[in-house]
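Undergrad: Spelled out from the first residue to the last, the chains are:
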Amino acid sequence: MEIFNITGIIPIILFASFLFTGLAGGRLKPMVSGITGTLSIFIVTAVSYYTAYKYFFEFGKAGNEYIKIIPFNLMWLQFNDTLFINMGILLDPISVMMLIVISTVSLMVHLYSLGYMKGETGFARFYSFLSLFTFSMISLVISTNLFQTYIFWELVGISSYLLIGYYYSKPSAVAASKKAFIVTRFADLGFLIGILILSYITKTFEYTTLTDPNGSAINQGSSVLFLGLSAMNVTLILIFIGCAGKSAMFPLHIWLPDAMEGPTPVSALIHAATMVVAGVYLIARLFPLYIFSGADALNVIAFIGTFTSLFAALIATTQMDIKRILAFSTISQIGFMIMSLGVSGYGDTNGLGFTASMFHLFTHAMFKALLFLCAGAVIHAIHLNNLNEMGGLRKYLPVTHITFLIACLAISGIPPFSGFFSKDEILTAAFAKNKLIFTTALITAGITAFYMFRLYFGIFWNKEVKYDKTPHEAPKTMTTALIILAVGSAITGFIPFGNFVSSNGVPLESHIHFEIAIPAVITALVGIFVAYIFYKKENNLPVRVSSAVGGLYGIIYRKFFIDEIYIFITKGLIFRFISGPVVWFDRHIVDGTMNGIAFITNLVSEKIKYFQSGQVQQYAYVMLSGIIIIVITVIYILSNL
Amino acid sequence: MTIDQFLLMKNEILLIAIAVIVLIIDLMTDNKKILFPVMIILFIFTTVIGFIYQTDGELFGGMYRSTPLINMMKNILNTGVLIILLQSAGWLINKAENHENIGGFCFILISSLAGMCFMISSGDFLMFYLGLELATIPIAALVAYEKMKFLSAEAGTKFILSAVLSSGILLYGISILYGTNGSILFKDLNNSVEITNLQALAFIFILSGIAFKISLVPFHLWTADVYEGAPVNITSFLSSISKAASVFILLILLFTVFINFSEIWNELLVYLSILTMTIGNLFAIRQQNLKRFLAFSSIAQAGFIPLGFIGGTSLGASTVLYFLLIYVFSNLGAFGVVSVVTSATGKESMNDYNGFYKTNRGLSIVMMLSLFSLAGIPPVAGFFSKFFLFTIAAKQGYYFLLFIAVINATISLYYYLLVVKAMFINENEQPIEKITSDVYAKLGLAICVLGIVFTGLFGIIFDYINTLSKGI
Amino acid sequence: MIENIGIEKFVILSTLMFFIGVYGFLVRKNLITILISVEIILNSVNINFVAFNKYLYPENLQGQFFALFIIAIAATEASVAIAIFVTLYRRIKMIDVENVNKMKY
Amino acid sequence: MLIPLLIIPTITIFLILVCRSHKQVKVVSAAGMALQLIYSIYVLIEYLNLRSLGNIEEMLFVQSYQWFESFNIYFTVGLDGISASLAVLTAIVTFSGVLATWGLEYRVKEFFISLIVLSTGVYGFFISLDLFTMFMFYELAVIPMYLLIGIWGSGKKEYSAMKLTLMLMGASAVLLVGIIGLYANSGSGDNLTYNILELAKLNLPLDVQKFLFPLIFVGFGVLGALFPLHTWSPDGHSSAPTAVSMLHAGVLMKMGGYGCLRVAMYLLPEAANELGWIFIVLTTISVVYGAFGAIVQKDLKYINAYSSVSHCGLVLFAILMSNKISLNGSVIQMISHGLMTALFFALIGMIYERTHTRDINLMGGLMKTIPFLSVSYMIAGFASLGLPGLSGFVAEMTIFVGAFQYSDTFHRTATIIACASIVITAVYILRVVGKLLLGPVENKDYLTFRDAFWNERAVAVILIIAIAGIGIAPLWLSDMITNSLNPIILKLRSF
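Chains as they are written, first to last, in the numbering used here: chain A, 1 to 641; chain B, 642 to 1113; chain C, 1114 to 1218; chain D, 1219 to 1713.
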């Protein structure tokens, strides 16, 4: 549709901004880059809202159903007649919703960073990378085909790498960025193989064909076997591995906490609100495929989501670094979304899980970005991020305090904040599907409330700490972003989300399910209350409790030793038992054979030199025996003639 | 006998004339300076005549024959000897002890060449034998030319003893052949030779006699010692001209007299070829003395020649000719440099050549080109000739031989590169100082380089040889 | 033609001489003796040629001519060889073949 | 049309010979190679032009001169999309190689002559349609390498040079047997031919094919670093001077891939089908092995050499997968790898000139002191690990999509193992980037470094533009190659 052609300028603006700030930024005043970046993202946001408005309210519906609109789709690379990669724009409810989320959060982060990053070396670089990231992320969500998604999937990966390693002089940042990239890359391998097998089975990359519930892709898939398993399930699980990597699902979550080495706005944008939900988005994008051809895969997804959410929440209760707590919280919340997709069905109320997941994605983006930005404001003020060393900040940072509280309430699922609504839907969906999952989710929600308020009390209440310099509230650019996001976190729950986003495009009436909501809110309140007791005032209760459960606490505190296992696998196994031997093999066997041939040649050469004894009579001997041998040979030849 | 018929022998006659003129000048005048230029001019004249004037016919009832192909062979030999004469100028003129004997040296060398020409022109075994001995005995004298050196005498001793023994065996073979066929004329034998045990024995004796001259393994052992001990220019004469002439006559014998034996000699040459290449290479790897090194390298090179005989095709014959033409250029190029260096400094060891490029650019580049040509590296000519030899073998289906041959070509590349490495890469505190070679040597090397570079690139040369060899 | 002596006698004689020559070449230490051994080989060839000519192909004289030439050439060979031995003798004062082995390997 | 590709370098060599000063030599070389670059791009454009006019000849600009009548050898040149793109690649790499060596002061004339001889060999190889000339140019390209590494190299240069030369010449010896075997079986009597197009029309008996295929594939494969005959590559690269490493990894190793494609697969399709599995196993090992080998290396050049083993293994792997997509991928991979590895080696050379070490453990924090070079290095690294938007991604994806067109367990397993290399690649690239460029500046001397000079900038910019150009708009290249692959595919699928 003509009207949506304007959406096409979004990636162009962002890419131009990336190139400009990247190439010219270093030579201009730092602020020029900042303002260029912010301005371009502002335009992008405007266009996104415009697109969303046009899509949801004017052109998106055909009959009762939201349809997929492809304003344009250009051939980028052709493999054969059926397999080709297009670059295009696909608009449907979830991509438009993601446009809103990404542009909004990104704008806030751009704005916030103008203050937060001021005076840093490489300010232009920062904005350049931010533009690159936003460009890739937006292109990812509006992809028309799986391969385009993969392309930008990799690009967000690299932007994330660049931004985590922004402080490249710091070894820990370098290590963290490397880890993040490699872990996600490993997951992407699964994704890639998944795509390729899928394309082999279905002969297409295009989403419109792939996800058409009545289309050939879905019907063909189930009969094909791969390594003795149903190919479709294997494929979809492989794709899920890619999602799990990006979205930090267990056991591929290890990179996300380390990624907090990056500047805080980056954590807010990439590692809380947008990139890490790409996995969720991708599953949602391929949802019909999962539903109709990959029921087993979907079950796996549900359990991994559930487990991850509990697991991460547990770890979050013990961490001390405020950003890391938020990181684990992010993992846990994404676990919710994944789990919600896993328990969802297709169409009508069956599809509630899908809607809930997207809804939670939406609200979570707001409040988690807010949480991170608040944390950033705290760090900006006191240059510390260890929970033990801070406290009593409510006096110094009033705006931060209030907005942080709102975010905490939202994430804990206290009405009327946004998290309440989305979490309620998730729990409802889980309840309908599987009681075990529901129970786990409920407990996790309680733990969530506990650790969030542990954080909140720990920062703003608890002990009074003497700071070297009196902390000051952040500058206007930062607080503006905080306030806008806080408003978002507070009210977005009232959006009738199901009207816009649903599993099959048909609007879904949603309402609050009190039979679920009440226990959930109670659990959350219990969590908050426990946190209140433990952390409102400085006391030795936490220490007593932690020493009481001793070993368990230690295990959780060490994040269940997952990092150690990884280090063992990489350093211990790959380096020592694969690469080492490879090099050894190269040096000794392969080269050894070559050198051995040379050595043997020389040896033979040395041994036969005695034929050449210098004695002319010996020469005659050799010559005559040569003749005799030749005679024998000739007799032999003659006898065979 | 008319003048025309005599003109068939123009090459031999001219050569003998030159030899006599040289001898006369040598006796008549004490001023040795003019001797050399006069001889060179005459020799160039002879060589050019050889290219211009083609002859075709028989003399003495078939004892002597001349065909365009034989003419071409003689041309190759003439060119080679011309180069050698040019290269030996420095050694002869500048060294006092040699200076007196310029005339003798040239006389003997040219007589030997005349002997070779007679040999390849021969139409019967008597002429062949006479030519062979005329070619060999003078060389023995030249090998022992440096009277003051023990090594030279030792080389001479070894050479003459081995040569005499081998020619004795050869003769015995000829006598058996005569006994069984009643003729020593090639054209008679051509029809009457058949595969019997006795004749096969005769064939083997004759073959081994010639193989001795080509230094095929196991008849090669004299080669290295003689090459090392002889004066450089004689070594180059032995390794290229003498070898080439023997190959030519072998070619003629195999393709005419012993054509009925082709099954036997096909097989036999395969084994000899494999042995020769391999042993030659294995010995060459270890050598430090450059002359000895080139000796073994020439053995290894000789091992490639039988590839062209396989199948007994005229294309094969032309390939052998072509190979030898290029081999003469390349080998003489390498020996030419060694000759220049040896006559200027007396150094022959490979280590002495370390850092050679620093002081003597031109010489080391000539050396490198020659070695690359010997190794068969494009675009220099050696590549083409070797490639064609391989092609001949493959066309007959001898893949195993081909395989051994290419492996050996690679090994040979290794030791050729050792020399290149010494000249270009190795560092040396005191490299051989700058050598200014005389105009003769320069001319000689220039001819070599031109030959090395252009013989391959101009395919017409090969095609020309091929048209000649059709009527072998 | 000698009565009652068949060609095979000559052939046996020449073969014997050939091998005697070869044997001499291989085992004698004095260079001159070695040279003489070679002469024996050449002479065995001569006997061959002449005998074949006389007995088998008496109509022309190829064999006899060949023998004549061999004799002549053997003489030149011997002269050159001995000349070389003389220079050798001048250097090391002996003509033992075992001492002529400075160059090897 | 194509002969100037050989004449321009030859004339350049003669001009260099008459040069008086080092400066002149460099200027003349650069000018000659720039001319060559322009000309080869012109040829490429003409080629595309003719194709777009609907010319569907297999080879364009075919010129044939009789050379050795007796052997029926012709000097035949011609061009299709594959060779056209590889010729341009060669021109780019050579030109940037010349620029990258601007600082050379030791035996300058000889260096540039050898370098240009080398590149001439490569051009000749790519445009030859006659196996004889093809082989000739192949050897012509290998030999200058010995001198280039031996004289201007570093480290244990003599060993490396000798090893490299001998292994490559040994391989070429094997190849020679194969080529001559093809010739000998190409007809009867005097009708034998070396012409590729003629040979392609034949249907050789299967046992002949089975005999020749391994010879030819191994012969070319060694140049493409086929496991286990790849060890010349790490040693050779590490000892070679900058421009030589660039040309070697960038272009020379491509000759292996090109030869396998053009000769082994095209002329011996049935044997390729029958025996391909052996080499699929070997190349799969190459791919992973090279990548694992690169992980633990300390020397920058070794890392990239092993990486080249891995990437070139992928080229051969793709060739063996023998369908249109994978073959297309293999050619793109050749070009892509050529460009990025040239960039890599150029940058390594530049970094080495400043730090005088290539041990990554001794360096660090270069991003701070020489940002231009560091960023370029990073881009090269990203291209190598297959970042979208750079050429490596296009190539790898095309290969993998192609390889996944087989559903049997063997091909699938091999493909998945080969795919795994992209993760390992990421590991070693990021390891290097982390140690070399990032982190604090340990050595205070590094603060005095000057960032790239004009020639270094030019090298990096040219190569990066090419890499990104292919990465961002691959369609024209891929189309051009696909069209040229049709005859080969037809042969491979003809039974």
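There may be inaccurate statements among the hints.
As the list claims (entries may be wrong) - Here chain A is said to cover these stretches of chain D; the calculated rule only asks that three of the stretch's residues, wherever they fall, bring their Cβ under 8 Å from a Cβ of chain A:
id	region
1	1293-1301
2	1438-1444
Unchecked claim - Here are the simulated BS3-like cross-link-like pairs (lysine-lysine), alpha carbons at most 30 Å apart as the crow flies:
id	chain 1	residue 1	chain 2	residue 2
3	A	LYS607	C	LYS1122
4	B	LYS736	A	LYS607
5	B	LYS788	B	LYS1083
6	A	LYS118	D	LYS1662
7	B	LYS988	C	LYS1167
8	B	LYS1083	D	LYS1662
9	D	LYS1327	A	LYS607
10	B	LYS736	C	LYS1217
Calculated from the structure, these hints are not laboratory results.
Think of the CB as a built atom: it goes at the ideal place given N, C-alpha and C, for glycine as much as any other residue.
Undergrad: Taking the hints in turn, state whether each one holds.
TA: Structure-based check of all given hints:
{"no.": "1", "hint": "1293-1301", "result": "violated (count 0)"}
{"no.": "2", "hint": "1438-1444", "result": "violated (count 0)"}
{"no.": "3", "hint": "LYS607(A) <-> LYS1122(C)", "result": "46 Å, violated"}
{"no.": "4", "hint": "LYS736(B) <-> LYS607(A)", "result": "40 Å, violated"}
{"no.": "5", "hint": "LYS788(B) <-> LYS1083(B)", "result": "28 Å, holds"}
{"no.": "6", "hint": "LYS118(A) <-> LYS1662(D)", "result": "28 Å, holds"}
{"no.": "7", "hint": "LYS988(B) <-> LYS1167(C)", "result": "58 Å, violated"}
{"no.": "8", "hint": "LYS1083(B) <-> LYS1662(D)", "result": "57 Å, violated"}
{"no.": "9", "hint": "LYS1327(D) <-> LYS607(A)", "result": "44 Å, violated"}
{"no.": "10", "hint": "LYS736(B) <-> LYS1217(C)", "result": "28 Å, holds"}
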